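Could you build all of it, start to finish, from the sequences and the hints given here?
Below are the chains, spelled out letter by letter.
Number of protein chains: 2
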Amino acid sequence: MQKKPAPPTEVAAVSKVAKAAQSTPATHLSLPSDSGGEGRVRAVIDAVLPAVDAGRFAIKCVAGDTVKITAHCFTDGHDVVRAMLRWSADAGDGARDWHEVPMKALVNDVWEASFAPPSIGRFVYTVAAWVDPFESWHHEMTRRIEPEDIRIASQVGAMDIIAAAARAQVADRDTLLRWAKALQTAALDADHNANALKALALDETLGELAGRYPDRRFETHYVAELPLFADRKRARFSSWYELFPRSASPEPGRHGTFKDVEARLPAIAEVGFDVLYFPPIHPIGRTQRKGKNNALVAGKDDVGSPWAIGAAEGGHKSILAELGTPDEFRQLVQKAAGLGMDIALDIAFQCAPDHPYVQSHPAWFRWRPDGTVQYAENPPKKYQDIYPFNFESDDWRAMWAELKSVFDHWIGEGVKIFRVDNPHTKAFPFWEWAIGEVKKEHPEVLFLAEAFTRPKVMHRLAKLGFSQSYTYFTWRNSKQELTEYFTELSTGPGSDYFRPNVWPNTPDILHEQLQGGEASLYMMRLVLAATLSANYGIYGPAYELRDHLPRNSGSEEYLDSEKYQLRTWNHDDAQSLAPFIARVNRIRHDNPALQADRSLRFLPVENDQLIAYAKESEDGSNVIVTVVNLDRYNVQSGWIGLDAASIGVEPGESFQMHDLLSNQRFIWQGEFHFVQLDPHAVPAHIFVVRRRSRTERDFDYFL
Amino acid sequence: MQKKPAPPTEVAAVSKVAKAAQSTPATHLSLPSDSGGEGRVRAVIDAVLPAVDAGRFAIKCVAGDTVKITAHCFTDGHDVVRAMLRWSADAGDGARDWHEVPMKALVNDVWEASFAPPSIGRFVYTVAAWVDPFESWHHEMTRRIEPEDIRIASQVGAMDIIAAAARAQVADRDTLLRWAKALQTAALDADHNANALKALALDETLGELAGRYPDRRFETHYVAELPLFADRKRARFSSWYELFPRSASPEPGRHGTFKDVEARLPAIAEVGFDVLYFPPIHPIGRTQRKGKNNALVAGKDDVGSPWAIGAAEGGHKSILAELGTPDEFRQLVQKAAGLGMDIALDIAFQCAPDHPYVQSHPAWFRWRPDGTVQYAENPPKKYQDIYPFNFESDDWRAMWAELKSVFDHWIGEGVKIFRVDNPHTKAFPFWEWAIGEVKKEHPEVLFLAEAFTRPKVMHRLAKLGFSQSYTYFTWRNSKQELTEYFTELSTGPGSDYFRPNVWPNTPDILHEQLQGGEASLYMMRLVLAATLSANYGIYGPAYELRDHLPRNSGSEEYLDSEKYQLRTWNHDDAQSLAPFIARVNRIRHDNPALQADRSLRFLPVENDQLIAYAKESEDGSNVIVTVVNLDRYNVQSGWIGLDAASIGVEPGESFQMHDLLSNQRFIWQGEFHFVQLDPHAVPAHIFVVRRRSRTERDFDYFL
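Line by line, the protein sequences are chains A and B.
Position 629 of the first sequence, counted from 1, bears residue number 1139 in the numbering used here, the numbering being contiguous throughout.
Position 628 of the second sequence, counted from 1, bears residue number 1138 in the numbering used here, the numbering being contiguous throughout.
A few of these clues could be false.
No copy is singled out in the list; a pair is fine if it fits within one copy or between any two copies.
[Stated by the list, open to error] Restricting the straight-line Cα-Cα distance to at most 25 Å, the calculated cross-link-like pairs of lysine to any residue (SDA-like) are:
{"#": "1", "residue 1": "K708", "residue 2": "Q1085"}
{"#": "2", "residue 1": "K966", "residue 2": "A557"}
{"#": "3", "residue 1": "K966", "residue 2": "R550"}
{"#": "4", "residue 1": "K966", "residue 2": "T1001"}
{"#": "5", "residue 1": "K810", "residue 2": "V733"}
Hints listed in this document are in silico derivations from the structure and should not be mistaken for laboratory results.
Just so you know, these numbers come straight off a predicted model, no measurement behind them.
Next comes the structure, spelled out in structure tokens:
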């Protein structure tokens, strides 16, 4: 073996080869931008996931929920890498208060760790990794067999341990130094048994102690800090109920008021909704006001569309006098809060021609040579009563600031959820800015994007900051459509930032299927919405009372739509689905499996009219299996494939399926299970799985 | 209709709402970093593809080849977006010379355009998009029906056209202004026919002219410039032949020389190889020299392993005296170039214990307390004759510079391809820097990464700049393994940067299967390598002469391996596969379909012993279908599914399959086609498809 010619610290004389090397001045190496100018940074972090567009946008989660982060880490050669997940709150000022979680190596250079953001707001996470001299030595030592190798390796290790001691807390320093000394002494003692030496080197307790003080001088930092937004739980789990306050009056012909809505609050809370959402509550334009059923000319008593916002008496920060006063609104918000409900307001950034902005800020609109503004269109729909804002206005800064202040105003009135009307017809950079600014001050505020448009556009809005998004659910009716769409929603890349909020109906969409009006159909679509998606909503009372006539054949518009006129609803109707909906919402409330979307998986059933799927809580303790008969007319039956092992049941062991809708209980065993559903009774099962092998709660649980 | 209260240019008085807005000073909006501080930038570019790690690394292509770029572009509302692919050479100085290619909208907000880098070197590409007022107006006008709408819209359009005229070349200015004037005049003339006005507004020639001068003031630029490296064609299409020059002597026992190799060059070129690759040609260490068959102690005549680089007489820039002189090496490189061949050198950054670096740069090695250096290991392999470099050396800058200068030295000697030995046991940041620096000065230089290791590590090396990469091909033998692996290679994310170079054997790997030695097997594996991958190589003459005995049972090492001793080869052996290999290489040379990998698709055959796949040239004019019998012993037959339409043949029309190996011709028709292959004859078909409906060349083509 060649002996070392000079101590390693000595600087060697400039040799012929070193001279040749000087043609590329060693002090001017241009290193990759993410190396920090340090070439000895040998650990590689090839990816950190999840990440939305490489960290350009935030992933979304809920405060307190576990976020699982994976990284692809490795190094050259056979040295041992250690990796650390790092996360910090992000106040927006660049300051960081890093918390570290050791990552665990899984297979194939994939590492994993989790953290739970402790509060709502913005966070960042990233990964650090380093080639660990001590762990490398330790791993190497386990492979050493030759006594001479063990002796030399022990001396090397002793040096690493001395270095660890220098980094250690005072309490641990002596222990480490004693260990190093013992290794050195024994290694130099030719009489010392090599196996005993190896055992000393591999002492588990001491190894664990040294591992606490790693040498991280040449640590690699992942190229990016990835953003995360932690919302309050309602972002992930919410049950929405939309109503027109002006139709809340029990007396036909009288304009409804906030007081009328207040009287309805306990009933709505009873049905289990936790977000009560109102169409715009502002003064309604008189110029070009729409009449009943979207008539181009309004009668003198016509109330117009609430989305034609603004009149002489005020705009987006004012309340339509007929609904009540600001005091009454605030009182309503407080009463709702007392019942655990948010009031969500509809924010529609558009103006009736007589909105005050049109006078005070003409620069915010696009004027044509004839002195008019082109009204809003969403082909084939025409909104003659609405002017769009011009997002290319030279005065855009003032306009942005004013629009954002609309949110601020209503937040000041107690509102914490906004359903934003057609956000995809307003400039995208505005949303990123406005939502970002609002959430900086009010991280509890949620935004629902009402964009029924092309997939990439909807995804962009979610990336820009919208907390929840409307979906295509309304138009996904067959088993195949539902399976493909919800698989994409729950497992596609959007699952990191796009939270679906699914609606069987809206004031704009009475789907052709619902025009049938059968109770079985309304129950079926409601169960699908409420169990496929943790966030769902209905436009009521039209839904529970099965208002189902279209304005005309082939239209998705309601006949005598509340969008253009007052309606009166009979909440005491014996046919109302409210009790059924209450039962479904209660099941959602009681079962964590239904309060998130990631775990959704579809189960095989060889019958295209039966759809079955399972969801489970993060800890696996709560498993819900939903089966829905998609045929509104006929009894359907089939065999559902549910592997016992997949729900934590031993093969061969039986388990109980407790239908929380009917309160019936079934004993299942094996992999395939018979199910039959009669749409004339209840077209669905929502089973909770009760397992002998799990906690007692499984068997003690009653609806 | 509400009349405009003031001209749009007039600044409105500060109103109540505007005052409220001032609480968020409009001049201090904090915009997203990629907006350029301009809120009117309404076009969204959500993605530009391909991109490797969001542009952290370059995609790879070949100069002159078409690179297809897609982008996801859209805007708010219904305005029309235009998008432009932008590309520029990148000299590394930040200067850009942008070329623009208009992108075409496909479905679903996906846009596409192509460009062909005109020369080798580094390029960048990105995308710009903008909401186009003229195109938006034009699109709107096509939908206008009401005469009044047409008149107003014509006036609006005239203003856009006047604006375009101001941006136009002088020659076009008057045409545009005349058009605008005509539109304005006609629009204000109540007697003018509205349909005629609409026709004038939609004049195609004038519209196209105006479209040449778009208003790009509020253009969106994609967040990143994405890098691309354009190599010379050999990066994508190469046929490698590895030989040990020291075994090139025709006389048994005499050390081979460069002169001997020079004598072999015409024969090697005849067989169709275009890269001739040598294991290291440097002085070989004497300390710890290995004997025959990796014996730990060398005999006095043993020549040692060429990878034990360096001895008293020199290191990585020197030539082993027995091989010849630097002049003879340069002459060999030139002779090879004259035959269209590159000489590729093996660069192994490691040192024999008597390498001059060990004396002159002790700081580049990791010395142990006993004054020794731990020899290199690649468990379970041990390289007692090799010291690894210490990439955590304090003197790393000088070491990097010196190692890089090794490439520079051989480039100076005419070498343009380097096969890098075990790059994954050297620090990754070094490779990115060294390859980047070399390619800045010598973009024609190619690097092949010899890393047989875990997938993410191999991919990282390709990202860092290696032009080609060894693969797992050697260990992929069954139809399922080959199908899955090559589908991943040709369609997975790596296809943008990882160029496979597949080898049926190497001096280190005599796969168990090849130890059978049957000619059918060697032909089968060669056809697979040469047709599945545009880059392939063999270690010869061991391959064509079917050297197939392992050092011991269960080993992948050759018995009497050239790694440790001289060998003599009988190139005149009548059993040599050289003529067969020549035929396969000729087919590769003549058929562009086999010179790239992206088009690979596997064809169904209901026989697990038959594998079939098609490749086609970029323009579709050349289609090759390869069928291989994976059973070395038995005749196998089956029906291959090849849909006529997929190869540009009309349904029902027959086409000719010309087997370029046997020169047999078959007429196929319909979708399923019978094939039978006898391994005792030739175990493969390499069909070129000849179609009546295509060019005459299809039928005139003969081998």
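Hints, verified against the model:
1. Taking CA atoms no more than 25 Å apart as the test, K708 paired with Q1085 passes in neither setting, with 80 Å inside one copy and 56 Å between copies.
2. In the homo-oligomer, the alpha carbons of K966 and A557 lie at most 25 Å apart both inside one protomer (24 Å) and across protomers (10 Å), since each shortest distance falls under that limit.
3. Proximity of K966 and R550 under a CA criterion of 25 Å is satisfied inter-copy only: 20 Å between copies versus 42 Å inside one chain copy.
4. Taking CA atoms no more than 25 Å apart as the test, K966 paired with T1001 passes in both settings, with 16 Å inside one copy and 23 Å between copies.
5. Neither within a single protomer nor between protomers do K810 and V733 lie at most 25 Å apart by alpha-carbon distance, with minima of 64 Å and 53 Å respectively.
Against the hints set out earlier in the document, violations occur for numbers 1 and 5.
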